[in-house]
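2 protein chains.
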Amino acid sequence: MNEEKITLSYGSGGRLTHKLIKDIFIRHLDNSILSQMNDSATFELNGRIAFTTDSYVVNPIFFSGGDIGRLAVNGTVNDIAMMGAEPLYISLGVIIEEGLLLEELERVVISIKDAAEEAGVKVVTGDTKVVEKGKADKLFINTSGVGVIPEGIDIRGDNARPGDLIIVSGTIGDHGIAILSERGALGFSASLESDTSPLNRLVASMIDTVSDIHVLRDPTRGGLAETLNEIAQASNAGIEIYESEIPVKGAVKNACDLLGLDPLYIANEGKLIAIAPEERVSLLLDIMHSSQYGKDAKVIGKVTGSHPGIVALITKLGAKRILDMPSGELLPRIC
Amino acid sequence: MNEEKITLSYGSGGRLTHKLIKDIFIRHLDNSILSQMNDSATFELNGRIAFTTDSYVVNPIFFSGGDIGRLAVNGTVNDIAMMGAEPLYISLGVIIEEGLLLEELERVVISIKDAAEEAGVKVVTGDTKVVEKGKADKLFINTSGVGVIPEGIDIRGDNARPGDLIIVSGTIGDHGIAILSERGALGFSASLESDTSPLNRLVASMIDTVSDIHVLRDPTRGGLAETLNEIAQASNAGIEIYESEIPVKGAVKNACDLLGLDPLYIANEGKLIAIAPEERVSLLLDIMHSSQYGKDAKVIGKVTGSHPGIVALITKLGAKRILDMPSGELLPRIC
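Protein chains in written order, with the working numbering: chain A, 1 to 335; chain B, 1 to 335.
FYI, nobody ran anything at the bench for these hints, they're computed from the structure.
The structure displayed is predicted, hence computed values, not measured ones.
Each hint should be verified, as a subset may be incorrect.
Note that the list lumps identical chains together, so a pair holds whenever it fits in one copy or between two copies.
Said to hold, decoys possible - DSS-like cross-link-like pairs, simulated, lysine-lysine; straight-line CA separation at most 30 Å:
1. K320 / K19
2. K295 / K253
3. K19 / K302
4. K19 / K5
Same shape as in the complex, but just chain A:
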C-alpha cells in the first residue's frame, strides 16, 4: 500500500497541488470539459435548470455499501432527479485533513468516477483544500450539480394534493443503520449495507410514462418522517401512512429495536417518495418494479384534505398518532 500522506503543501497551490489534481483527480475523472482546467467549466445548456449543492461529512468515510465519494455523487444526482430533471454535470470540492493517505483519497476518487459513470454524469470542475491535522476529519466533500428539467414536468414539494397516493421506492433506514453499525454502535457486525444509489434513471423512466407525478423527494437526513412532514407543510395537505405497509428490512428493524430508534427517522440514500394521482399509481408501480432501484416499491399511504400540515401514522394496532418532525439529538454525520 502507498503510505504517502497528504501534507499542507498539497493544498497551497503550486507544484504539489497541480500534481495531486493531475495524478489523482484528472487521471480518474478526465473528460473534455474537466481537462480544460479553466476557472470555470463551460458547456451548452438550455431550458429549465435544476441546481443543487450538498456537503458530505459522513463518518467513517468508507462503509459497507459505499463510501463518502459514492455518497456525494449519488446525493447530488438524486437532489436533481427529485425535480424530474436529468442530472448532467457536477462539481467536486474536497477539504482534506493533513495526514490522509494518498491511497485513501485515490480510492474515494475512483469511487466517484464509478458512481458518476453509473449515474451518467460528468465531474467538470473541482477544488482542493488541505487543512491542518485536527482541523477537519479525514475528508469532507461538496458536490454541486446542474440538470435540465424536461418540458411539461412540474414536480415540487408543495404539489401534494388530497386523494394522491404515496409510494416509497423500497426499504427504509438502510443507510443510517449501516453507518451506525460501521461505527460499532450495534456491538456486533450486522450484515447491513448502505442503500446509496443514483435514482435518476428510475425517475427518468417514471416521468417518461407518468408525466403528472406531483411530488418526488428522497428521504435522507431525518428519514421518511422528516420528508413527509416537509411535504405536508409545503403542500398544506394532510398525510396518512400505514405502519404495516412500510418496508423495513429485518436487520434494520432489529438494530432499531436494539438502539431505541425508529426506522421512520433514519436516513436513506437510495430511496424516493413519489406522490401521484391515484389512477396513475398502478402504472407507476409497474415501471418502478422493473428497475433495480424500485423493485420493492409500495404504496404506504395517501394525501388527505383533513389535518393539513400534519403527518399521521396508522400503527399496526390500528391506532392513529401524529408523526412529528424529528427533534433533538439525531444521528450526527450520517451523510
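With chain A fixed as given, assemble chain B onto it according to the hints.
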C-alpha cells in the same frame, strides 16, 4: 451578544436544522428561488454556461477587509467572471464546527448577503452540516455558481498569443498579507486589508468594449507567479514581466521583506490579469481605470514567442530570471 452556540442537533435534519435555515439563512438571503426550498433550485438558463466551485477554509474567518462569507461569494463570482460570463446564481454549503456562536454564523451570512448584492448574484440553494468540536475549524464554506457567457466571447487560459500585452488590475499580495497580519505573523498590527472584491462588473464593462480579450484570470492561491505559469503552460507561450511595473503597496512590500516572502507568490482575491492584443490595451486600460476595482490597472509585461511555457521576470536591476511555479510549503488556509 447572543451567546447561543451551534450544537450537533442543528445539523441532523429536523426542527433545529429547519430553525437555523429559516432564522439565519432564509431570513437574510431570501429570494423567490431560494424560498421554494425544493431539493434543487430551478430557473431558466440558455446558452453557453460557466459552472465553478470553491471551498473556503480561511483562518481566521473574520479579517480586515472581509470575512469567509464575503470571500466565498467573491471567489466564485470571480471564477465565473474570468470566463467572460455573467454570474447569476450561487449555492452555499456550510460545514460548521459544533460550538460556533450563532451570532458569528449570522455575521457571516449577513456578509454573504451583502457580497451577493454587491455582485448582483442570488444564493438559490444551500446545505448545512455540523461536525463535532475538534473535527473542523469554526466554519468551512463551499460556493458553486453558474453564469452565462455572452455570445461571441471566447476567453480561456490557453489563449495567450505572442505580442499580447499583460495587464494586472491593481496592487498584488494584499489578501495574503492581510491574512498573515491577522494571524499575528508580523508581530505588529499593520494597516492592511484584504482586497476581496467582486470583479464581474469590471469584466462586463471590459468585454462590452473589447470583446477580443484573450485571457482573464484572477491570481488567487499561489499569486501572480502561479497564474502566469498556468497561462504560459496552457497557451504554450512565453511570458515576460517587469518587476518595476508590478504594483505592490508599501505595507505589503515591507511585510514581505520582513517575512522573507515574495509578493509575486501571495494570494489576491480582488485582482485580475487580462491578456489582450497590444492595439486594444489602451482602450482596455481606460475602461479599467474608470472602475473602483481596476483604477490601478497597469501593463506589467507581454507574451512572447520565445521560451514557451516559461515565465521570465525582468528584475529592477535589469536581470532576467525564471519565475517558477510555487513549490514547497506555501501559506496554508489563505482562502
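These are the hints, each one checked on the structure:
{"no.": "1", "hint": "K320 / K19", "result": "between (60 Å within a copy, 27 Å between copies)"}
{"no.": "2", "hint": "K295 / K253", "result": "within (20 Å within a copy, 66 Å between copies)"}
{"no.": "3", "hint": "K19 / K302", "result": "between (54 Å within a copy, 27 Å between copies)"}
{"no.": "4", "hint": "K19 / K5", "result": "within (14 Å within a copy, 40 Å between copies)"}
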